[in-house]
Amino acid sequence: GESVGLHLPTLSVQEGDNSIINCAYSNSASDYFIWYKQESGKGPQFIIDIRSNMDKRQGQRVTVLLNKTVKHLSLQIAATQPGDSAVYFCADVTGGFKTIFGAGTRLFVKA
Amino acid sequence: GAGVSQSPRYKVAKRGQDVALRCDPISGHVSLFWYQQALGQGPEFLTYFQNEAQLDKSGLPSDRFFAERPEGSVSTLKIQRTQQEDSAVYLCASSFDGGRNTIYFGEGSWLTVV
Numbered sequence: 001g002e003s004v005g006l007h008l009p010t011l012s013v014q015e016g017d018n019s020i021i022n023c024a025y026s027n028s029a030s031d032y033f034i035w036y037k038q039e040s041g042k043g044p045q046f047i048i049d050i051r052s053n054m055d056k057r058q059g060q061r062v063t064v065l066l067n068k069t070v071k072h073l074s075l076q077i078a079a080t081q082p083g084d085s086a087v088y089f090c091a092d093v094t095g096g097f098k099t100i101f102g103a104g105t106r107l108f109v110k111a
Numbered sequence: 112g113a114g115v116s117q118s119p120r121y122k123v124a125k126r127g128q129d130v131a132l133r134c135d136p137i138s139g140h141v142s143l144f145w146y147q148q149a150l151g152q153g154p155e156f157l158t159y160f161q162n163e164a165q166l167d168k169s170g171l172p173s174d175r176f177f178a179e180r181p182e183g184s185v186s187t188l189k190i191q192r193t194q195q196e197d198s199a200v201y202l203c204a205s206s207f208d209g210g211r212n213t214i215y216f217g218e219g220s221w222l223t224v225v
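Protein chains in written order, with this note's numbering: chain A, 1 to 111; chain B, 112 to 225.
Mixed in with the good hints, there may be bad ones.
What follows is a set of in silico ranges between Cβ atoms, one per label pair, in the way DEER data are often shown [to be verified]:
| id | chain 1 | residue 1 | chain 2 | residue 2 | range |
| --- | --- | --- | --- | --- | --- |
| 1 | A | Q81 | B | Y121 | 43 to 53 Å |
| 2 | B | R192 | A | K110 | 41 to 51 Å |
| 3 | A | R57 | B | E182 | 33 to 43 Å |
| 4 | A | D31 | B | Y121 | 33 to 43 Å |
| 5 | A | Q14 | B | G151 | 21 to 31 Å |
| 6 | B | V225 | A | A24 | 33 to 43 Å |
| 7 | A | R61 | B | Q152 | 20 to 30 Å |
Just so you know, the hints here were simulated from the structure itself, not pulled from any lab data.
The beta carbon of each residue, even a glycine, is placed where N, CA and C say it ideally should be.
Let the hints inform the model, and build the full structure from the sequences given.
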């Protein structure tokens, strides 16, 4: 079946270091991917997206890399801050509207 | 309002009770989604509306779950005869048009069935 999954359930990084969160997807037809951040007690918040015709996209302090050959996504956060502590989900959009989420990676930032 | 608004934020229901969860999407947003999120899991798709039309309800777990959006704006998710396994956060999201535009989530309705 269709699934989006993550390699690690938790990630702990030192404040100021870079964070890398990985994600694998199984649907080779997926052509649009999104990273979401979810803080405790809140809904998921859009961070950055990437379409399958790209292999890299940069935002403010965040970069998403897409490797279609091995069906792998990563989210890189530069100079990680305490406010980055949250659960991060990768997701893909199928059929033009249905967003399928992975289980999530919890990021802990140590001061 | 500026964002997606959901009510109630917290609901405790006795097993067998019916519940109704309300979602006010961002004004002008055509698409509306409902997701269910169990503790420690990612959100699971339930259903999708484009205006008042329910185009996909494949994620609804059983016929006890029903969603509507009669006028193409506010939506209600109804759960009949609640069971303990229905305990979860129910997230509503909206977008200007479909999933290829940014989807904005509400803060969710936390349902606990006792």
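Now the hints, each set against the structure:
1. A:Q81 with B:Y121: 43 to 53 Å: With Cβ atoms ~30 Å apart, the hint is violated.
2. B:R192 with A:K110: 41 to 51 Å: 46 Å, holds
3. A:R57 with B:E182: 33 to 43 Å: 37 Å, holds
4. A:D31 with B:Y121: 33 to 43 Å: Check passed, 38 Å falls within 33 to 43 Å.
5. A:Q14 with B:G151: 21 to 31 Å: Holds: the Cβ-Cβ distance is about 25 Å, inside 21 to 31 Å.
6. B:V225 with A:A24: 33 to 43 Å: 37 Å, holds
7. A:R61 with B:Q152: 20 to 30 Å: For R61 of chain A and Q152 of chain B the Cβ distance comes to about 27 Å; the hint holds.
The structure does not agree with numbered hint 1 stated previously, though it agrees with all others.
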